[in-house]
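Peer 1: Using the sequences and the accompanying hints, generate a full structural model.
Heads up: the sequence lines are chains A and B, in that order. Numbering (this note's numbering) for the first sequence: 1 to 477. Numbering (this note's numbering) for the second sequence: 1 to 477.
Calculated from the structure, these hints are not laboratory results. Be aware that a few hints might be false.
What the hints assert, rightly or not - Simulated crosslink set (DSS-like; lysine-lysine; CA at most 30 Å straight-line): (1) Lys55(B) - Lys137(A); (2) Lys55(A) - Lys137(B); (3) Lys177(B) - Lys177(A); (4) Lys177(A) - Lys315(A).
2 protein chains.
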Amino acid sequence: MATPPGDMPIGELRRYAHEIADWIADFLDHIEERPVLSPTRPGELTARLSPSPPKHGEDMGQILADFYDQIVPASTQWNHPGFHALFANTASGPGILGETLTAALNANAMMWRTAPAATEVEDLTLDWLRQMLGLPKEFRGHINDTASVGTLVALAAARHRCSGGAVREQGVRAIAKPVIYCSVEAHSSIDKAAILLGLGNESLHKIPTDGAFRMDVEALGARIADDRAQGCTPVAVVAVVGTTSTTAVDPVTAIADVCEREGIFLHVDAAYGGAMAVHPDFRWVLDGCHRADSFVVNPHKWLFVPMDCSCLYVKDVELLRQSFSLVPPYLMSPEHGEARDLMDYGPALGRRFRALKLWMVLRYFGSEGVAERVAHHVRLAGEFRDWVEAEKEWKLMAPASMGLVLCRHEPAGMDEVEIAAHNARIMEAVNANGRSFLSHTLVGGERYALRVAVGNLRTQRRHLENLWSELKELTST
Amino acid sequence: MATPPGDMPIGELRRYAHEIADWIADFLDHIEERPVLSPTRPGELTARLSPSPPKHGEDMGQILADFYDQIVPASTQWNHPGFHALFANTASGPGILGETLTAALNANAMMWRTAPAATEVEDLTLDWLRQMLGLPKEFRGHINDTASVGTLVALAAARHRCSGGAVREQGVRAIAKPVIYCSVEAHSSIDKAAILLGLGNESLHKIPTDGAFRMDVEALGARIADDRAQGCTPVAVVAVVGTTSTTAVDPVTAIADVCEREGIFLHVDAAYGGAMAVHPDFRWVLDGCHRADSFVVNPHKWLFVPMDCSCLYVKDVELLRQSFSLVPPYLMSPEHGEARDLMDYGPALGRRFRALKLWMVLRYFGSEGVAERVAHHVRLAGEFRDWVEAEKEWKLMAPASMGLVLCRHEPAGMDEVEIAAHNARIMEAVNANGRSFLSHTLVGGERYALRVAVGNLRTQRRHLENLWSELKELTST
Chain A
1 MATPPGDMPI
11 GELRRYAHEI
21 ADWIADFLDH
31 IEERPVLSPT
41 RPGELTARLS
51 PSPPKHGEDM
61 GQILADFYDQ
71 IVPASTQWNH
81 PGFHALFANT
91 ASGPGILGET
101 LTAALNANAM
111 MWRTAPAATE
121 VEDLTLDWLR
131 QMLGLPKEFR
141 GHINDTASVG
151 TLVALAAARH
161 RCSGGAVREQ
171 GVRAIAKPVI
181 YCSVEAHSSI
191 DKAAILLGLG
201 NESLHKIPTD
211 GAFRMDVEAL
221 GARIADDRAQ
231 GCTPVAVVAV
241 VGTTSTTAVD
251 PVTAIADVCE
261 REGIFLHVDA
271 AYGGAMAVHP
281 DFRWVLDGCH
291 RADSFVVNPH
301 KWLFVPMDCS
311 CLYVKDVELL
321 RQSFSLVPPY
331 LMSPEHGEAR
341 DLMDYGPALG
351 RRFRALKLWM
361 VLRYFGSEGV
371 AERVAHHVRL
381 AGEFRDWVEA
391 EKEWKLMAPA
401 SMGLVLCRHE
411 PAGMDEVEIA
421 AHNARIMEAV
431 NANGRSFLSH
441 TLVGGERYAL
451 RVAVGNLRTQ
461 RRHLENLWSE
471 LKELTST
Chain B
1 MATPPGDMPI
11 GELRRYAHEI
21 ADWIADFLDH
31 IEERPVLSPT
41 RPGELTARLS
51 PSPPKHGEDM
61 GQILADFYDQ
71 IVPASTQWNH
81 PGFHALFANT
91 ASGPGILGET
101 LTAALNANAM
111 MWRTAPAATE
121 VEDLTLDWLR
131 QMLGLPKEFR
141 GHINDTASVG
151 TLVALAAARH
161 RCSGGAVREQ
171 GVRAIAKPVI
181 YCSVEAHSSI
191 DKAAILLGLG
201 NESLHKIPTD
211 GAFRMDVEAL
221 GARIADDRAQ
231 GCTPVAVVAV
241 VGTTSTTAVD
251 PVTAIADVCE
261 REGIFLHVDA
271 AYGGAMAVHP
281 DFRWVLDGCH
291 RADSFVVNPH
301 KWLFVPMDCS
311 CLYVKDVELL
321 RQSFSLVPPY
331 LMSPEHGEAR
341 DLMDYGPALG
351 RRFRALKLWM
361 VLRYFGSEGV
371 AERVAHHVRL
381 AGEFRDWVEA
391 EKEWKLMAPA
401 SMGLVLCRHE
411 PAGMDEVEIA
421 AHNARIMEAV
431 NANGRSFLSH
441 TLVGGERYAL
451 RVAVGNLRTQ
461 RRHLENLWSE
471 LKELTST
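Peer 2: Dropping the structure here:
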């Protein structure tokens with residue numbers, strides 16, 4: 001047999017790993033020279049790349065050249081300090097180093113045996129984060145790719161508990177008219193979960209909010225009473241800490257009162273806002289969350305960890321296991337029972353070593369360093385909010401207590417439709433300039449607002465000053 | 001305001017990225033000096049690491065020292081050529097480089113606008129892989145973390161179609177007695193999907209297999225007829241190409257005949273076995289798969305891509321969109337409708353740029369290079385099978401046509417229970433030696449067998465020769 005075909009030779013891997021080390025450092029050092037929102041148009045990149053795989057292997061130098069010259073310019077730069085769209089985030093240095101090591105180890109943490117370190121570091125690091133957030137010790141953590149999946153898992157556990165476990169065998173027909181509650185401002189992932197879980201959109205009862213976009217708890221209580229009278233079975237309430245549209249914080253304590261009284265599972269979606277609790281001044285955002293049954297927060301959102309890393313905490317980890325565990329003979333290991341096999345706690349069997357980057361980020365910055373950085377973003381957002389409020393034709397569109405300012409330009413005499421179109425034009429003009437990237441939302445589902453999110457570690461006061469100058473210039477008459 | 005706290009300084013990032021480049025090259029170069037299965041015991045690593053996060057940031061040099069000295073030795077080495085447990089795989093050089101770049105870009109491909117390159121490269125690269133597998137052009141690809149999630153998504157689409165879309169609003173009660181079919185040898189992720197989707201285990205009807213562990217299609221047809229007579233609604237059939245226990249290939253053509261005749265959604269789980277079709281000699285494994293509605297294959301299993309990367313293909317991509325799309329105002333972009341927003345096709349909203357590593361791996365090795373490597377593994381497994389068959393007291397426990405050999409030692413006079421205990425001892429002795437890592441299965445759900453999986457790019461003939469010597473030595477009398 002001829003020399004067997006193998007992996008890239010070690011010398012070549014070493015050479016290109018060094019090349020990439022320099023490229024990444026230079027890329028991040030000069031990222032402000034790139035437009036935040038890529039100016040590419042749909043299909044342009046595809047047209048430049050080969051429509052078929054090469055028959056013979058290509059030189060890595062050529063592959064990387066295409067990456068640098070084609071793929072990077074067609075990328076929206078999430079690591080740019082001018083990224084203010086959606087929720088801004090960061091792949092920090094220690095996070096990038098962590099991801100690199102995760103790839104090299106290639107551990108698959110399905111069972112403890114197949115990845116002892118990945119399993120134990122996940123448990124340990126999630127407990128670190130729990131301590132940083134001030135959550136009680138009973139909360140056990142589990143990493144999923146996204147909060148969408150974390151919430152799906154939490155609601156699956158709620159469904160399991162509500163049915164006394166019968167749902168596992170009989171499906172949702174084991175529950176008479178199941179209902180899940182969340183506010184009208186809750187994230188679309190709750191709707192997706194209700195669909196996926198076989199409950200259907202009809203089972204998701206959306207509760208109105210108060211003037212600050214927080215769930216109206218009285219309305220929740222009334223709706224539950226009403227539903228019970230009609231033979232419905234409340235399965236879970238989802239409270240949100242930091243809604244996606246306006247960063248509103250639902251009154252979790254009052255919601256927990258209702259859930260305790262009614263015996264309903266309480267899940268808290270703190271995917272974005274939960275991170276704020278790492279700072280003692282902002283611990284209030286999690287008021288009442290110690291009473292939740294499950295809680296999700298995304299380190300890839302505001303804790304400087306690269307995509308993807310979403311942490312689900314549950315009080316009754318055994319409930320999660322009962323909802324999900326299925327151990328065929330080929331997945332039975334000698335340590336089963338003695339050590340936690342992470343595959344038993346969620347839908348995915350295969351699991352990357354996602355905890356490594358989180359462990360490295362938390363150690364590198366330290367709990368106070370993380371808190372200081374989050375506080376810095378809140379301060380910057382607060383300054384921007386003040387600038388908006390001081391300007392006559394600009395309106396703040398929602399309370400801004402986290403890292404997001406919702407605002408818009410309202411020239412005299414424009415109606416709602418004209419204001420929306422006017423601000424959409426402003427947004428596209430800012431985005432076309434390439435120095436900042438904004439997105440929008442409809443506040444309360446109807447009033448157009450620009451999102452100015454602050455969450456990237458490179459964002460400084462000058463970036464927001466520049467954005468504000470640009471916005472004022474675009475709207476000066 | 002004092003100097004704002006930021007990311008790791010660029011110079012420091014550069015220095016540690018270079019350090020890691022060398023560490024990874026050395027790690028892979030010397031990986032055979034490490035035990036494959038870590039000798040650590042549950043809890044040992046946890047006891048050595050700090051139970052709380054540091055208050056102040058730590059030096060990256062210290063963090064990496066702990067990684068090298070504590071975490072790596074407590075890791076089971078998936079990149080070791082002696083990894084023969086479960087299904088062996090590889091984080092290849094180009095795959096590791098790709099993951100590193102993905103982390104630095106930190107693109108989130110929820111919408112085309114937020115990640116044009118990640119969106120288009122995912123579409124493009126999945127089409128490359130489709131071509132390599134010889135699947136028809138109508139198949140459109142979508143990446144999930146694992147095949148468990150891919151299969152969940154496929155079955156959610158099947159459920160949607162079967163209900164005429166009503167399931168989205170009404171949940172599974174829109175379908176009268178829904179049923180999903182798979183063989184008794186299908187993967188536990190099908191069971192998990194049935195539970196998650198709210199159908200319940202009772203809805204999963206498991207069809208017996210023939211002597212070679214392939215679905216008995218006559219039994220499938222009979223069961224469907226029976227179920228229909230009882231008022232059940234067949235939702236989907238899941239066929240498997242390369243079962244986890246024995247790498248059996250279900251007769252997909254005959255199953256497709258049944259599905260077409262009955263109007264049932266056909267999903268093919270080719271998570272492991274599908275990769276074999278990259279070689280013309282093994283294209284037979286996908287016979288009939290062009291008629292499936294959906295198909296899943298994992299490049300992180302046998303296509304040299306690091307965890308995680310699972311490709312789901314569907315013929316009716318619009319069905320996927322209808323099953324999953326939910327676009328709140330804050331996720332509405334100007335390109336919506338013109339470009340594909342990948343968030344619309346699965347449960348997760350946030351999405352890493354997982355396609356980059358696949359694109360780099362396929363380019364670096366080329367389609368023929370990938371095929372040659374897979375064929376090499378099949379050849380090596382075939383040789384091992386021949387050695388087993390030539391040895392009187394060793395038994396081949398299932399046909400071995402892919403990269404997995406199931407075998408066991410059967411000394412005269414032992415009963416089934418004794419044989420299982422005897423082979424479990426052999427397995428633990430091999431694993432304790434540290435040169436190879438084996439796992440086991442129960443063939444047909446009852447007969448204990450050792451798994452010898454060949455799938456790592458570094459695995460050569462000598463590694464299997466060493467393993468075979470070790471096994472024979474352990475069993476010599």
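Peer 1: So, for every hint listed, does it hold in this structure?
Peer 2: Each hint tested on the structure:
1. Lys55(B) - Lys137(A): At roughly 19 Å apart (the allowed maximum being 30 Å), Lys137(A) and Lys55(B) satisfy the hint.
2. Lys55(A) - Lys137(B): holds (19 Å)
3. Lys177(B) - Lys177(A): Cα-Cα ~17 Å, so holds.
4. Lys177(A) - Lys315(A): This hinted pair holds, its Cα atoms lying about 26 Å apart.
Hint compliance for this structure: no hint is broken.
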